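Residue strings, one per chain:
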Amino acid sequence: MSLRLLCLCWAGSLMTTTKSISKIGIYAGSGTSHSWLWFVDLFENNGLHNLSFLNESNVQKGLDDLDVLVISGGDTFAVAESLGASGADSIYKFVHRGGLYIGSCAGAYLPMNSSKKPLDLFNFVDVKITNLSKVLPATVKNSFKFCTSYGCGFIFHPIREEVSLKFSNNALPFCPLTFNAPLYGGPGMTVTDPSLVLATYNSFTTNTSFLVSEALAGEILLEKAAVVRVPVGKGLFYLFGPHLEHPKFPIANQFVSDVINWENRRSKNFGSSVPISDKSITPFRKLSGMTKKTFVMDIKRELSNSRIVALNLEFLPLRWMIGKKIYEPEKIRVFLESMWSRIKFLERIDRLHIFSNDMETIKTTSISLTQGLRKLKRAVDENQDSLAEATEIFSQLKQLSMAFYTMYFLTLTHKG
Amino acid sequence: MEYLSTEKILIIDLASSIVEEEELEESLVSEKIGGVGVTKYLYEKFENDDPIVIGCGLLTGTTYPASASGIITAKSPVTGKLAHCPITYKVGVEIKFSGFDYIVIKGSAASPSYLWIHDGVADICDAVDIWGKDVWKSTEFLRELVGDDLLQTIMIGPAGEKQSDYAQVCYNHWNSPDRFGFGTAFGAKNLKGLAFRGMGLIECADVEDYVSRSLEILKEVKNNDFLSKKGIAELAKAIGEEDLTDWLAPITHRHSADYFTPYATVTALFMDEDPKIVEETKVAEPGVLTTDIFALIALKKAGFSAEDAGRLLRATAKYGIDPLAVIELSGKTSLDECSEAFDSLSGNLALKGKGIFSSWCPARPIFNDFGLSGEDSEAIAWWERRQAVAGIFGIQPLFALMCPELSEENMLELASLGTELDLDQDVLDAVVAYVCD
Numbered sequence: 001m002s003l004r005l006l007c008l009c010w011a012g013s014l015m016t017t018t019k020s021i022s023k024i025g026i027y028a029g030s031g032t033s034h035s036w037l038w039f040v041d042l043f044e045n046n047g048l049h050n051l052s053f054l055n056e057s058n059v060q061k062g063l064d065d066l067d068v069l070v071i072s073g074g075d076t077f078a079v080a081e082s083l084g085a086s087g088a089d090s091i092y093k094f095v096h097r098g099g100l101y102i103g104s105c106a107g108a109y110l111p112m113n114s115s116k117k118p119l120d121l122f123n124f125v126d127v128k129i130t131n132l133s134k135v136l137p138a139t140v141k142n143s144f145k146f147c148t149s150y151g152c153g154f155i156f157h158p159i160r161e162e163v164s165l166k167f168s169n170n171a172l173p174f175c176p177l178t179f180n181a182p183l184y185g186g187p188g189m190t191v192t193d194p195s196l197v198l199a200t201y202n203s204f205t206t207n208t209s210f211l212v213s214e215a216l217a218g219e220i221l222l223e224k225a226a227v228v229r230v231p232v233g234k235g236l237f238y239l240f241g242p243h244l245e246h247p248k249f250p251i252a253n254q255f256v257s258d259v260i261n262w263e264n265r266r267s268k269n270f271g272s273s274v275p276i277s278d279k280s281i282t283p284f285r286k287l288s289g290m291t292k293k294t295f296v297m298d299i300k301r302e303l304s305n306s307r308i309v310a311l312n313l314e315f316l317p318l319r320w321m322i323g324k325k326i327y328e329p330e331k332i333r334v335f336l337e338s339m340w341s342r343i344k345f346l347e348r349i350d351r352l353h354i355f356s357n358d359m360e361t362i363k364t365t366s367i368s369l370t371q372g373l374r375k376l377k378r379a380v381d382e383n384q385d386s387l388a389e390a391t392e393i394f395s396q397l398k399q400l401s402m403a404f405y406t407m408y409f410l411t412l413t414h415k416g
Numbered sequence: 001m002e003y004l005s006t007e008k009i010l011i012i013d014l015a016s017s018i019v020e021e022e023e024l025e026e027s028l029v030s031e032k033i034g035g036v037g038v039t040k041y042l043y044e045k046f047e048n049d050d051p052i053v054i055g056c057g058l059l060t061g062t063t064y065p066a067s068a069s070g071i072i073t074a075k076s077p078v079t080g081k082l083a084h085c086p087i088t089y090k091v092g093v094e095i096k097f098s099g100f101d102y103i104v105i106k107g108s109a110a111s112p113s114y115l116w117i118h119d120g121v122a123d124i125c126d127a128v129d130i131w132g133k134d135v136w137k138s139t140e141f142l143r144e145l146v147g148d149d150l151l152q153t154i155m156i157g158p159a160g161e162k163q164s165d166y167a168q169v170c171y172n173h174w175n176s177p178d179r180f181g182f183g184t185a186f187g188a189k190n191l192k193g194l195a196f197r198g199m200g201l202i203e204c205a206d207v208e209d210y211v212s213r214s215l216e217i218l219k220e221v222k223n224n225d226f227l228s229k230k231g232i233a234e235l236a237k238a239i240g241e242e243d244l245t246d247w248l249a250p251i252t253h254r255h256s257a258d259y260f261t262p263y264a265t266v267t268a269l270f271m272d273e274d275p276k277i278v279e280e281t282k283v284a285e286p287g288v289l290t291t292d293i294f295a296l297i298a299l300k301k302a303g304f305s306a307e308d309a310g311r312l313l314r315a316t317a318k319y320g321i322d323p324l325a326v327i328e329l330s331g332k333t334s335l336d337e338c339s340e341a342f343d344s345l346s347g348n349l350a351l352k353g354k355g356i357f358s359s360w361c362p363a364r365p366i367f368n369d370f371g372l373s374g375e376d377s378e379a380i381a382w383w384e385r386r387q388a389v390a391g392i393f394g395i396q397p398l399f400a401l402m403c404p405e406l407s408e409e410n411m412l413e414l415a416s417l418g419t420e421l422d423l424d425q426d427v428l429d430a431v432v433a434y435v436c437d
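Taken in sequence, the protein lines are chains A and B.
Following the working numbering, the numbering of the first sequence begins with 1 at its first residue and continues without gaps.
Following the working numbering, the numbering of the second sequence begins with 1 at its first residue and continues without gaps.
Next up, chain A with everything else stripped away, as it sits in the complex (with noise of 0.2 Å):
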């Protein structure tokens, strides 16, 4: 899929601006877990409709015709290997001609300086970790989630769930003092200048999960950096250690939003970005009638049909280790669920825009998706190992939202 502009109509909230809109780029290729579609949700709900969906291919070849990048959790590594030296480079310029990236959890590790391979390619950010010991702690439960190798040492991860975190007094000037966020790996983090840092880590709550001890826990993370704000060349680095995006944490997700209409005032390079010429708009089709009743119909049918074995799945004792990074059954279903919660607006409209090779790939990925959800569920009955089958269907997942959610957002812009 070729990254495209997709046009705007957006009735602003609490910094509308005269300026034009931010064009947001979600990368959703290799190495992405299902977080980026809590942005999705996020920047809908935020009237932030102008969104393209990335995978490695899109990145390696420029980042010209976006305001901001969004890279959301995952497997850092696994991303790093994927966007490769040229990825790297895109990003690197897109940030030095003015752009705003916003990195979440694996999308915050990945442009801290690093020694290891891949990651020593995203050295632009001078951020430590806090979390990254030699020696590995003891653990007090959730082992499996509970460290990644990192070199000779671990990124281990102290706590999950919701944790408290707090605003410095510098910090912009539409925060709130403090609010909750969910850490599920994300970092802790230390910089040279103290302004760098937006929020730090301030409490662990009710609902805060230990996986070391809370002493141990306090002591990586608490009074260290959560959010840092890096500026590089004429832009920015956003990081998150927390997600922010979490659909239900709405005070966080009302920061993420103020910042992106806050940075798009105030900077003279956002809007920057190079208009994509008429010439190399990739034409959309216009869907009506029985064609676009079908169409709709069809996407349905499977969604379906993939939602019903993804929910047999939940209940089988299952787990995958693809790349680094453990991926459950439910996880399946949240790429589902996301496009299932928009089919009844589609069934509504009178009209779809779509591209035409989207229309194909949510044809095609649709189907095999469901084919291969059922040959996983027939190789977990048949106690057979079902990586293989996994590794794929979280692949064809994320091709099918990215096509879904261009459709989705395309139509949802030419909609009025």
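None of these hints come from the bench; they were simulated from the model.
The structure displayed is predicted, hence computed values, not measured ones.
It is possible that some hints are incorrect.
[What the hints assert, rightly or not] A short list of chain A residues far from chain B (calculated; beta carbon distances all over 12 Å): (1) ASN180; (2) ASN202; (3) VAL232; (4) TRP262; (5) THR291.
[To be verified] With a cut-off of at most 25 Å between alpha-carbon atoms, the simulated SDA-like pairs for lysine to any residue come out as follows: (6) LYS292(A) <-> ILE343(A); (7) LYS137(B) <-> ASP308(B); (8) LYS133(B) <-> ARG378(A); (9) LYS8(B) <-> ILE349(A); (10) LYS248(A) <-> GLU208(B).
[What the hints assert, rightly or not] What follows is a set of in silico ranges between Cβ atoms, one per label pair, in the way DEER data are often shown: (11) GLU347(A) <-> GLU279(B): 51 to 59 Å; (12) SER27(B) <-> GLY289(A): 26 to 34 Å; (13) ASN223(B) <-> ILE349(A): 51 to 59 Å; (14) LYS293(A) <-> ALA188(B): 25 to 33 Å; (15) GLY289(A) <-> LYS222(B): 48 to 56 Å.
Note that CB positions come from ideal geometry on N, CA and C, so glycine has one too.
Use these hints to put chain B onto chain A, whose structure you have.
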């Protein structure tokens, strides 16, 4: 119709393979309430297409006690008249969750087909892989095909395919209340069956009051002493027909209930596994589930051992034929002889009342007397009304005969709370009269 409903009526023409949807209009619910009130209306609307209409009660799948059932309405190949068969176990509920309140099946398919109804999608599928297979293998095949162990089916076996008299539609693996030969009607349409699965939610106008009143009614229901009992043998004893308790006890494995139904009307008999086994059995076909009181009574009276009775029930469930018809009309008294008589049944089973509701359900109160005098004519009139009301609201039809606390008044109250419609006794009386006409 926004509430207690999926808002949709599915119309399937098997002859043309055209699938259409109609909105379930609020005015239709206001007039016919739901369940058998609407299935009869739809049957009449499409009567020229010889339809089979499948539907759910207005309260089906909610927190109202025993709101478990759906209904099949069609012309009975046995009686030649319009008849209604309850859909039990957890199949009725799944119909609503799969995205449709009512399904009208018109015409005949050019080749054997089945319907896959899921999340508001209806697919007409080629039945080439299951036509010729028995009910159990067909259900297992579809569950494996779609990767869903909880798939719910309405299925015919070889009896229905051959359009034998008293061919029965079965639910999942098990015999159903079908005494009308609806399996034959399915077979005549080249329709192997329907598979349902859905993860839909039902909207309720006043959720808090609906749930709160449901729980109050459930609390009243639980004051009944009969809820200390379980299973089919207790039902047979309660209606004074035959004491099956000692006969069945050596092969009784467990009892289970339909969706949200406080009495376990389903009994599992183990003929080929130790009935006392607690862990999951490794035997592929250890026994059979049954809800057919009168078939068991007939088998005992005919001199069958409980084990052989279980085996015959299992064979009828697989073949998709009414077990009571087999034992009463074949004149045979051994397992082997009965099994050979599946395709050669002739004659009539006794009907109850006007013959529009299934005689699978005893025509008298169970455990409670409901204030009846004991006269047969009074009991029959009461039973017919009670079956109609259960069919309209989607109440498990056996439990409706046990429990006076499930009153017409509180069903109407919950229906009004759930829909914001003004459904009163006059409306219900009119619908009951319409259904029983």
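Item to check | 25 Å limit on alpha-carbon distance, applied to hinted pair LYS248(A) and GLU208(B) | outcome: 24 Å, holds
Item to check | Consistency of beta-carbon spacing, LYS222(B) to GLY289(A), with hint 48 to 56 Å | outcome: Because 55 Å falls inside the window, the suggested range holds.
Item to check | Non-interface claim for THR291(A) versus chain B (Cβ beyond 12 Å) | outcome: 17 Å, holds
Checklist entry - Is 26 to 34 Å right for how far apart the beta carbons of SER27(B) and GLY289(A) are? => result Between SER27(B) and GLY289(A), where Cβ atoms are some 28 Å apart, the hint holds.
Checklist entry - Taking the CB of ASN223(B) and the CB of ILE349(A), does the distance hold inside 51 to 59 Å? => result 52 Å, holds
Item to check | Straight-line alpha-carbon gap LYS133(B) to ARG378(A), limit 25 Å | outcome: 21 Å, holds
Item to check | Verdict for LYS293(A), ALA188(B) (Cβ pair) under range 25 to 33 Å | outcome: Since LYS293(A) and ALA188(B) have Cβ atoms about 32 Å apart, the given range 25 to 33 Å holds.
Item to check | Beyond 12 Å from each Cβ of chain B, as asserted for TRP262(A) | outcome: 38 Å, holds
Checklist entry - Can we trust that ASN202(A) is non-interface, i.e. its beta-carbon lies farther than 12 Å from all of chain B? => result At about 37 Å from chain B, ASN202(A) clears the 12 Å cut-off, so the statement holds.
Checklist entry - Beyond 12 Å from every Cβ of chain B: is that where the Cβ of VAL232(A) lies? => result 46 Å, holds
Checklist entry - Does ILE343(A) lie within 25 Å of LYS292(A) when you go C-alpha to C-alpha? => result 12 Å, holds
Checklist entry - Given the hint that LYS137(B) pairs with ASP308(B), does the C-alpha gap stay at or below 25 Å? => result Given pair LYS137(B), ASP308(B) holds - Cα atoms ~22 Å apart, limit 25 Å.
Consistency note: the structure conflicts with earlier hint 11 alone.
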